[in-house]
Amino acid sequence: MIRLTALAAFFSLLPGFLAADNEAVTAFELDNGMQVIVVEDHRAPVVQHMVWYRAGSADEPKGSSGVAHFLEHLLFKATDKLEAGELSATVARNGGRDNAFTSYDYTAYFQRVAADRLELMMSMESDRMRNIRLTEDNIRTERDVIIEERNQRTENNPSALFGEQMSAAQYLNHRYGVPIIGWMHEMRTLDMQDALSFYETYYAPNNAILVVSGDVTPEDVRRLAEKYYGVIPANPDLPERIRTKEPPQTAERRLIFRDARVAQPYVRRSYLAPERDPGDQKAAAALTILAEILGGGTTSYLANALQFDEPIATYSGAFYRGVSLDDTTFTILAVPRSGISLQEAEDAMDAALVDFLVDGVDAEQLERIKLQIRADQIYARDDVDRIANRYGQALASGLTVEDVQAWPDVLEAVTAEDIVQVARDVFDIRASVTGWLMREEVTQ
Amino acid sequence: MIRFALSMMMVLAIAVPAHAEVKIQEVTSDSGLTAWLVEDHSIPFVALEIRFRGGASLDAPGKRGAINLMTALLEEGAGDMNARAFARAGEALATSFGFDVGDDSLSVSARFLTENKDASVALLRAALVMPRFDDEAIERVRGQVLANISAEAKDPNDIASRTFDQIAFGDHPYASSPSGTEQSVSALTRDDLVAAHRAVMARDRIYIGAVGDITPEELTALVDDLLDALPAEGAPMPPAAEVTIPGGITVVPFDTPQSVALFGHSGMAQEDPDFFTASVLNQVLGGGSFESRLMEEVREKRGLTYGVYSYLVPKDLAAIYLGSVSSANDRIAEAIEVIRAEWAKAAAEGVTQAELDDAKTYMTGAYPLRFDGNGPIARIMVGMQMLGLPTDYIATRNERVEAVTLGDVRRVAAELLDPEGLHFVVVGQPAGLQSTPAN
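Chains as they are written, first to last, in the working numbering: chain A, 1 to 444; chain B, 1 to 439.
Okay, chain B solo, but in the shape it has when bound:
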C-alpha cells in the first residue's frame, strides 16, 4: 500500500523538476568591464566574485610558486596598512575577503554589509591594487607555504596527484604544484612577487559576478572604483598542454596502511558538443552518488573502500578524466581490477535506459539546488562567463541534459573510455601490484 503511494509520488515529482529562477543582468562599466549581477535586496549584504584567468599557470620560468605566494600576500598588508592593520580594518567592517589561486584562475571572493559597502570596497581595492609585499610578511607567509609543501610531500593524496600530473602533463605548468617547490619558493624575491602580480592581475582577463543588495548603477561604479588602476594587459596565456598518459600502473612506495590510488586518462573539453553526454555517462559510472556503478561494485558489494569516484576534469588548457579510490594495502589490487572491469564494460556496452533516465533526473533536479545563496550564485556566474556561456544558459542547461540519448552515451563511452589506457598511480604498500615499465 505504502509502496504504491511512494511510486505515485515519485512519478509526480519527476514530472515537475524544480526551476531555479535566477535573473542575471549583464552590466558594463564606464571603463568597459563587464559584470553579471543578480539583484536581491532581501538581505542587506553583497557577495562579489572576481576571477583573473591564467592563475598560477602564468608563473614565469624558474619562478614556480610566485603567483601562489603573491596571492597569499594580498591580505597581508596594503596601502598604508601593514598585515595586522589590514586584518583589523576588515574585522571592524565585518567584511571578509578570500583570495585563492589554482591552475586556471586567481579568485577573489568578497562579502560585505550594505552599510559598509564603500569602506569595504576601498579596503579590497587596496589589497588588489596596492599590496605592499612587506619583507616581514613575505618571510612569514613563505614559512607557511614551505610548511604546506613539506606536508604535501608526506600526504598520500598529494603524492598521488603530483605523480599523476607529472605523468599526464610533461613540462606544462599543470605538471607541477602551484605552490612551487622548497627550492623555487625559497629563492623568490619581492621583485618576483611584484612581477607575478602584474602578470596575472590585469584588466584583459577579469570576470565579475555580484549577488545581493546592490543596483546595476552601484555595481558598475564599484567595478571601476575597484579595478580601474590595474594594468590593461597581463602575461600571455600558456599554450595548451599535450596530454600523453600511457596505460599502466605506477606504484609510489609509502609506508601507510591504506593505499591511495588516482587513475585516469585523457578527457573531454567543456566546449566539446559531447560534453553533456560524457557528463551523463560519468554520472552513471562514478559520479559521486551512492548509486554509481563504481560505488555499487567496489563499496556496496565488496566493501573494498569507503569511497570511489570518477570525474571529468576539463581545465582551460587540457582535459583529463580522473578517478580515485583508497583501500587497505592488501585489497587495493582487487579494487583496481574491479574498476578496470567496470571501465571496460561501460566502454563496450554503454549504459542502460534506466541508468540514463536516473542520471538525467538526478542531474536536472540537482542543478537548481546549486543556486542556494548569494556567494554560490556569484561563483556560478563567473564560471559561466569564463566558459563563454550566455546569461540565459541556466534556463536551457537542463534541456541539454535531457537531449542526451542512449545512442549518444554508447558512442561517447566507446570513444572516451579506454580501460587499457587507464593509468593508476598507487601510493602505499600495495600487495600484488608493481609499476609497469616506462614506455
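One chain only, chain A, in its complex shape:
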C-alpha cells in the first residue's frame, strides 16, 4: 500500500502499542522529587539520556504562545559553565547526537551516546536545568530561527495550516487550541523576560523526569543522578498543573480551508475524546483499538468501506492520541478519489460510521489486533529507546509508572462491546469539527 506523502505527518500520530512484560524497567525518585526511569538493554554499549519537563505549550501564559518551544532552543545557549553551543559540540565530539522537542504537555532534551559518557551528559544536562545565561543577541537570532522553523513546518504547508485551524475550532477554552510552535504574531513578540519567566517557573527537579535507556544499571544511574541532579533544590513554588477546562461542547463546527498549494483535497473530522487518566485507562484503551479497527490499514473498516467496497477514497484513516494531560481528540479522515467531491467523501465516511455502530466489531479482527499487541511486546525489546520515550511521555502527561505497566493488560481486556460503547460516546457531532481542505477557487 502506498502512503500518501502529503499525509505523512498523520502517521507519526499512530498510537504505539505499549508493552510492559520482559522490559527491564526500574523506577525510583530522588529526594528532591525528580523521578527516574531506567530501561536496561546490554546488547550494545549505547545509552540514551533524556530529561523531560512537565511543561509544554499548554502551560504557557496567554499572549506568549511558542515560549515553551523558544525556551527549548535557548537551552542550547550558554550557562554558567558552558559556552553557547558547547553542550552540543561536546556531545558531538564524543560521537553522540543530541536534540530536544516540545509538545503540548512536555519539553524533553536528549543525548544518544556511548554508554561510558553518561556522566558527562548528566553533568551538562543538570547544569542547564538552573544555570542558563542568555543575551539579547541570543533572543533576537534564535527568534528568527523559530520563525523560520514555523515557516518551514507550517507556513509552507497548507495541511499544517489547516490542522491549526481545526485544533483552534475544536478547543473552546483550552490551550490545546493554540499551536505548539506558537502563533506567528505572538512569536514575533517573545522576549528575554518571557523565556526566563517560563524557565524559572518550570525547570526544576521536582518538575522533571530523568529517563535513561541502554547499557546501564539502575545502581549506576542512581549514583550519578544523585550526584548531578540530586543536589539541585526543588522549586517550592512550582505551580499546581491546573488547566482551564472545556465547557460542554454543544455546537457542531464546520470549516473550509482554501489554499492554492493544495494538491490533494481531503475531509477530516475530529471529536473531543477522553485521554488516558491515572488508574482509569479503560475508555482510552477502547479508543486506541477503535482507531486501529476503523483506520489501521488495508483490513480496517474505513478502508473496506471507502477504498474496497466503493471506490470513494484514495486513502482513509483514524487517529487517536491517548497520552495527553487533558481531553484529546479522535480523528477520522478521507482523501477522495479524483471525480469524488468532498461532500460525497464526507457522506460516505459518515455512512461507514453508522454502519459500524450497527455491524459491531469483527471478532477475528479484534483478535488479530490483540495478537499484534502481544507480539509488539517482543519487538519492543529490540528498541529500548522507544520504551524510554513511552515512559517519559506518559509520566510527563499525568500518568504513573503503574499506568504504563498496566496498559497492555488494559488493552487486552477491551471487549467488542466496550469498543462500540466508546464509539457511541465519542462520535457526538456536537463535540466535533469537520474540515475541508480545498484548492483555492480561481475567479476570473
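Pairs of lysine to any residue, SDA-like flavour, derived with a Cα cap of 20 Å:
#: 1; chain 1: B; residue 1: K360; chain 2: A; residue 2: G85
#: 2; chain 1: B; residue 1: K315; chain 2: B; residue 2: I245
#: 3; chain 1: B; residue 1: K117; chain 2: B; residue 2: S42
#: 4; chain 1: B; residue 1: K154; chain 2: A; residue 2: S338
#: 5; chain 1: B; residue 1: K345; chain 2: B; residue 2: T405
#: 6; chain 1: A; residue 1: K62; chain 2: A; residue 2: R175
#: 7; chain 1: A; residue 1: K370; chain 2: B; residue 2: F97
#: 8; chain 1: B; residue 1: K301; chain 2: B; residue 2: K345
#: 9; chain 1: B; residue 1: K154; chain 2: B; residue 2: F254
#: 10; chain 1: B; residue 1: K117; chain 2: A; residue 2: D376
#: 11; chain 1: B; residue 1: K301; chain 2: A; residue 2: G85
#: 12; chain 1: B; residue 1: K154; chain 2: A; residue 2: W436
#: 13; chain 1: B; residue 1: K360; chain 2: B; residue 2: D408
#: 14; chain 1: A; residue 1: K370; chain 2: B; residue 2: E115
#: 15; chain 1: A; residue 1: K81; chain 2: A; residue 2: L196
#: 16; chain 1: B; residue 1: K360; chain 2: A; residue 2: D116
#: 17; chain 1: B; residue 1: K301; chain 2: A; residue 2: L134
#: 18; chain 1: A; residue 1: K62; chain 2: A; residue 2: H174
#: 19; chain 1: B; residue 1: K23; chain 2: A; residue 2: R43
#: 20; chain 1: B; residue 1: K360; chain 2: B; residue 2: E399
#: 21; chain 1: B; residue 1: K23; chain 2: A; residue 2: H42
#: 22; chain 1: B; residue 1: K345; chain 2: B; residue 2: E420
#: 23; chain 1: B; residue 1: K23; chain 2: B; residue 2: A395
#: 24; chain 1: B; residue 1: K154; chain 2: A; residue 2: N157
#: 25; chain 1: B; residue 1: K301; chain 2: A; residue 2: D191
#: 26; chain 1: B; residue 1: K360; chain 2: A; residue 2: E86
#: 27; chain 1: A; residue 1: K62; chain 2: A; residue 2: P247
#: 28; chain 1: B; residue 1: K154; chain 2: A; residue 2: E441
#: 29; chain 1: B; residue 1: K301; chain 2: A; residue 2: L75
#: 30; chain 1: B; residue 1: K117; chain 2: B; residue 2: T215
#: 31; chain 1: A; residue 1: K370; chain 2: B; residue 2: A89
#: 32; chain 1: B; residue 1: K117; chain 2: B; residue 2: E218
It is worth saying that the hints were derived from the structure and are not from the lab.
Knowing the structure of chain A, use the given hints to seat chain B on it.
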C-alpha cells in the same frame, strides 16, 4: 572546578571509543545465494533485509513508474490471496513486510516472530514470487500513486529535487521521479507490471542480511525457499550517468512564504580512495550536526534558517554533492551568499586541525551507535554488500577515518569544492534572485 572535571572526562572519553561488536557470518545457500547473518538469540524474532540492485532505474523506455507501482502492489494480493486476505494473513502472524524502491535498489524489509517463521516466510515468498497484480488492486494503488505525483508537483521540496535532478542528470533515469508522471503511470498495463517484476526481481542482483533468532542452517534453507523460484537474470543495468551541472541559479516561481533551496555540484564515488577524506570534510562543512560551519554561519550567527545541511550523494551510477536550506523569501539571497562564501573558504583553506579532530571523534564515536537493533544491522549489512565491502569492514572502518590528515582534507577540498560551480535551485518568491541564463 567543574569545568576542569568536564575536560578531564572528555579526554578520557575520547581515548576509548565505543566498539560495536557485530559478528557477521557469511553463508551460502544450496542454490548459490550468499547472505550475511548476525546471530542473536536473545529476542525471539528475526529481521530480514533483501535488496535487488537496479531499482527503479530499470524502468523500460516509456514505462516510467512501472517498477514503483509494481513494488507497491507486491503486498496487494499474492498466490491465492487477494489484497485483504494477504493483509489479514500478515496480521494474524504479527509479521510485517516493507517494500520500497529507489533509484538504485528495490528493498524488502521483513520482521517475524521465531514461532511464526515458516508461515511468515511462506507469506513473503508469495509476495515476492507470486504477486497477483489484480485489476482492482492496480487501479486502487494507481490512484494512490497519482495522488502522490500531484502532491509532489505542489511541494516546494519535491519541486526543488525534481528540478535539480533534471539539471544534473539529463536523459538518465536519475533525472526523473521513480514514481513516473501522471501520463506514464496512467498508461501502465498489467503486462508492464509483470515485465517490471521480471526486470528487477532476479537472482543475479540479490543482497541479503538477516539478524536475530536464526541459525546459519535455518537461514540458508530460508533463503532458497524464499527466492529459488525467481528468474536467474534480470534486465541489464543502465549506463553511468553523465553529470554536467553548470554553476548558477534556477528560480522556480512558487507562491509560498519561505523559499526552499537545493544546491550542489558533482561529487565523489564511494569507491574513491578519497571518499573518507571527503566525508570528514563534509562533516565539518555541513554534515548534519549543530557544529557544522554552515549551521554556525547561516543559523547560529544570523538566524537565517531552521536548518542547513550538505551531503555527499554517491549513487551507483553517478556521484553528486548536495546541500539544502530554507529561508523566508526576503532572506534566502543572504543565505545563499553565506553558503557560497563558506564553500569558497573551505575550498581555499581546507579545515583547521581542531575541526578535523572534532569531526573524526564524532564520526568514529557515532559509528557504533548505528548498530542499535536487528533491523538497522540487517540494513547496514546489505549496504556493505552492495558496496563490495568485506565482512570485517566494521572493525576497520574507524581506522580509515582516523587516517585522514589535514593535508588530505586540504587537497580534497580544493579538488572537490567548486564555489563557482554550485548550482542553486530556489523554489519560492525569492527577493533579489533571478535565474542565470542557460548555457
